[in-house]
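A.B. asks: Listed below, chain by chain, are the residues.
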Amino acid sequence: MSLNAATATNRFGLGARVGEIDRAAANPRKWLLAQLEPSAKKIAAFDGLPSSTEIRAAHWHRYGEASPTLNRKLEAAQASGDAAAIEAASKNVQRMLGGYVTWAAQIAHTEFGARTRHALATDRPFEERLVRFWSNHLVVPTAKVPATILVGAYEREVIRPHVTGRFSDMLMASAKHAAMLTFLDNDTSVGPNSPFGRERNMGLNENLGREILELHTMGVEGGYGQADVIALAKALTGWSTAPAILRANTVYASAILLPQRAPDGPYAFAFYPDWHEPGPVTMLGKQYADTGVRQAEAMLIDLARHPSTARFLATKFARHFVSDDPPESLIKRLAGVYLANDTSIGEMARALVESRDAWQPKKLKLKQPEDFVLSALRAVNAEVGVLQPYPAYRFDSYRPPRGARLPAAAGGPANSMDMAEGAAAPTSKIIEPSVLYEELGKMGQKPFGAPGPQGWYDRLSDWSGAASIVKRIEWSHALAVRHAATLPDGSLLLESILGKSASEELRRSVARAATREQAVTLILASAEFQRR
Amino acid sequence: MISRRSVVQGIVAGGGLLTLAPGFAVAMTGGERRFVFIFLRGALDGLSAVPAYGEPRFKALRGELADGNPGEGTPFDALKLDGMFALNPDLPQLHRLYGAGELTIVHAACHGYRERSHFDAQDAFDRGTTDKSIRNGWLNRALAYLPPKKEGDLAMAIGTTPPLSMRGDVAIASWVPAEGDALDPDTIGRLADLYRPDAELGPTFEKGFQAEAMGRAMGDGGKDELTSAQARGFIKQARAAAGFLRQPNGPRLVTIDFGNWDSHAAQNVRFQAGQQSSGGYQGRFAEMYIALDRGIAALKEGLGSEWNNTAVMVITEFGRTVRINGNRGTDHGTGGAAFLLGGAVAGGKIIADWPGLADSQLFENRDLRTTTDLRALCKGVLREHLLLSDSSLETVFPDSRAIKPLEGLIRTKA
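Protein chains in written order, with our numbering: chain A, 1 to 532; chain B, 1 to 414.
Think of the hints as simulated: they come from the structure by calculation, not from any bench.
This structure is a prediction, so every number in the text was calculated from the model and none was measured.
Yeah, the Cβ is synthetic: ideal placement off N, Cα and C, and Gly gets one too.
Treat the hints with care, as some may be off.
Derived pair list, reagent style DSS-like, types lysine-lysine, alpha-carbon separation capped at 27 Å [what the hints assert, rightly or not]:
1. A:K363 with B:K132
2. A:K30 with A:K316
3. B:K132 with A:K332
4. B:K132 with A:K316
5. A:K363 with A:K500
A few chain B residues facing chain A, derived, Cβ under 8 Å [what the hints assert, rightly or not]:
6. R167
7. W175
8. V176
9. L183
10. D186
11. Y195
12. D198
13. E200
14. G208
15. F209
16. G326
17. D331
Assemble the whole structure, with the sequences as input and the hints as a guide.
C.D. replies: Here it is, written out as structure tokens:
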């Protein structure tokens, strides 16, 4: 029974904190299922974080106000020919742009810190794993700034509310969120035969339509073709944001918000009827009349309910929690439950917990780096610092907060300007979110930084590269050095975080460790701790 | 009678079979051959990298994305290769290599996959087949035909996660820049004992700490004004690759993944030094070309005399649409461009059975049609550079008998 408790906390949870295995021990399945019930408790770590519309308002300030103003001043200076004035004006433009990129990086770090602090504190770790799974399924990564600034808000607004509800609702919320619309370019996709398309000679961008079919719903082998991609992309024209930014530094007058067009308020989703490709479309053999915004809505609901979608989601879900190649019987069962319950992913999670396959004692999955880091931080009861919620600031006067460390992370926004030097006292026990953010990048999993719209890959071989494993081990060592003094004896710690799942070899090795630091390193860096 | 396979082994191992295979004498005396495989993930726009400016419809179809023609005198002038093709103006080093006969361009090329999913296409290329039941990579299968090194792994993937092309039965190394304090040898030894019983993670552990030690000995260096971390990262990785390839115990085959080429929007903006790349938009794609160009230069410089024994293949999963989209970008397409370069390459030529850009000549009236299968390029390189036999090529690329290896890719010095 207590092996199941260790499995519950490790395979379905975020890794045991001291005492957690004991709490799950009475009935590990029930301990998990209770986490699927809605909780009214507010998430304290998210206090003060702005909504996506608030963030987009600040973003708009850069495009709509600061950028045009400062650029006009620069042009005026250039016209005057006064060298000193040109230099001053171009410095202002540089500062504005630099501040903008720094601001975006700060948002990502703040959001990452809040999300991490919640993951360390939560007593509903299974729910948190579901959030992370679905966040990765309908992923918006930090690929470009207009989406980067929204990744945290997107998860709070699109993923969390639906994580035990219906997939069709989550899919709809995702396709209508500014983060997804800007990430996959649908915010600027215009029907070539729409009034706006004809007037401006604008055209279709099929990116979102394709990824919805390929990655969000049916899967690449789900049985759709290029014509279905085009049909969905056409139906999605006009699905944009208020205001829409069609080209960097340019805003088309007709795209600027008109109140009646943005029922969700400024800076949110907006449907522009005059961008919408007129006429019916046919997807998967079914015709959808041109009903404006409702055309693509109807298509998304049909896609969520498609058997290919059920199978695609069930396979990914089972692969994430059970094994790289999950048993066919389990996939069929999960897909069946999903379809029988109107696309309920909460019921799918329940069916997983209730299945026998999910509890096999052998740890077949390798933790992804971020999950590994969270489990290690939970094991040593580490604390992650709070970053001040980023200000809704004026770009032309922006200065990053004192002591902020905003390094350029791989693939993310890079910035060499406006960076405060020094900072982060290494003796502190509190871990800086920005430092942790960087460390994860080195392990191959920059937070919110999935390699593309397909999200992070999920097989052992995707994460078992030698370089990545070395980084995990080095990081474990550094964490152990920092925390060993405040931790219980190595063998006791091992018992409370891996319980009955720890092997004899590991127990012996930890008991024989030369120092307490070494004992903690051996636990956290061990192959057993990397697995779940 | 000695088989071709054993001749190959003799050469690569630097053994005493030289006199038995006089045709390969130069390969021997020059040292062991090096191969670098660079995958531009996200789909490079082949017509932007290698514009077909001599094609009458080119400017009309490409709109703002058509760079200036060679010699027009605009800042955007493409670099002339011949009367038909030019190079993107941000690829001056590649242009120099072409002039020096060390660069071959393959155009209107793609592999066997004809849909337009990045991830499926990349996997198909990495696997070397569209057959999804095969779960190891073509390079790993090719490694099986090369004799292992006495010390260290024959191949190395640069980056935290090895690409699918390198996964399979043959053990490989992988590496990313090291930082922080080294673990003490005692703890490493104890951890090694704990990792050994793990069938998957055990071998990984051993290799990881070997590469780590080698990497630490090499150091780093070099700065530039590029703003994208990915672009800078590639140059750094290319420099590191050269360092590894020069080491006596280092790898002879290295892969580098260079991602973020998915140019759906704002492809027309030029990069300006000192200007922040705001939101990855301003000049982001121009920056990628600059990084590719400088990375190749860093590789050449770092390899020194070994450059002459080196072939570098640069490919992408597919090309992009011929017409520009509504956002001054291009969507997923089919035929694209690939590069083969290095001191060992018989270059200065463009291999293209040009399909034309008339509507009826395009694939599905949107993409550049594929006239060369990239497996023909890969097979040609494996055969001429790494000296794989024809029969082993069929194992590396299953069901590809109809795709003949390209010939005359590698120099055969007299």
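A.B. asks: Evaluate each hint against the coordinates.
C.D. replies: Here is how each hint holds up against the structure:
Our distance criterion of 27 Å between C-alpha atoms is met by A:K363 and B:K132, whose separation comes to about 26 Å. A hinted pair counts as satisfied when its Cα atoms are at most 27 Å apart, and A:K30 with A:K316 qualifies at roughly 24 Å. Note on B:K132 and A:K332: the hinted pairing holds, with a Cα-Cα distance of about 21 Å set against a maximum of 27 Å. As the CA atoms of B:K132 and A:K316 are separated by approximately 17 Å, the hinted pair is consistent with the 27 Å bound.
A C-alpha spacing of about 13 Å is found between A:K363 and A:K500, which places the hinted pair at or below 27 Å, so the restraint holds. The interface hint given for B:R167 holds, since its Cβ lies 6 Å from the closest Cβ of chain A, which is under the 8 Å cut-off. With a least beta-carbon distance of about 5 Å to chain A, the hint placing B:W175 at the interface is held under the 8 Å criterion. A cut of 8 Å between beta carbons decides the hint on B:V176: the least distance to chain A is about 4 Å, and the hint holds.
Among the interface hints, the one on B:L183 holds; its C-beta lies about 5 Å from the nearest C-beta in chain A, closer than the 8 Å criterion. Of the supplied interface hints, the one on B:D186 holds, with its beta-carbon coming within about 7 Å of a beta-carbon of chain A, less than 8 Å. Below 8 Å, beta-carbon pairs count as interface contacts, and B:Y195 has one with chain A at about 5 Å; its hint therefore holds. The interface hint given for B:D198 is met, as the beta carbon of that residue sits about 4 Å from the closest beta carbon of chain A, less than 8 Å.
Checking B:E200 against chain A by beta carbon gives a least distance of about 6 Å; that is within 8 Å, so the hint holds. With a least beta-carbon distance of about 3 Å to chain A, the hint placing B:G208 at the interface is held under the 8 Å criterion. Hint status for B:F209 relative to chain A: holds, with the closest Cβ pair at about 6 Å, below 8 Å. The criterion of a C-beta within 8 Å of any C-beta in chain A is met by B:G326, whose closest approach is roughly 3 Å, and the hint holds.
Given hint, B:D331 at the interface with chain A, holds; its Cβ is 6 Å from that chain's nearest Cβ, closer than 8 Å.
Checked against the numbered hints listed earlier, the structure breaks none of them; every hint is satisfied.
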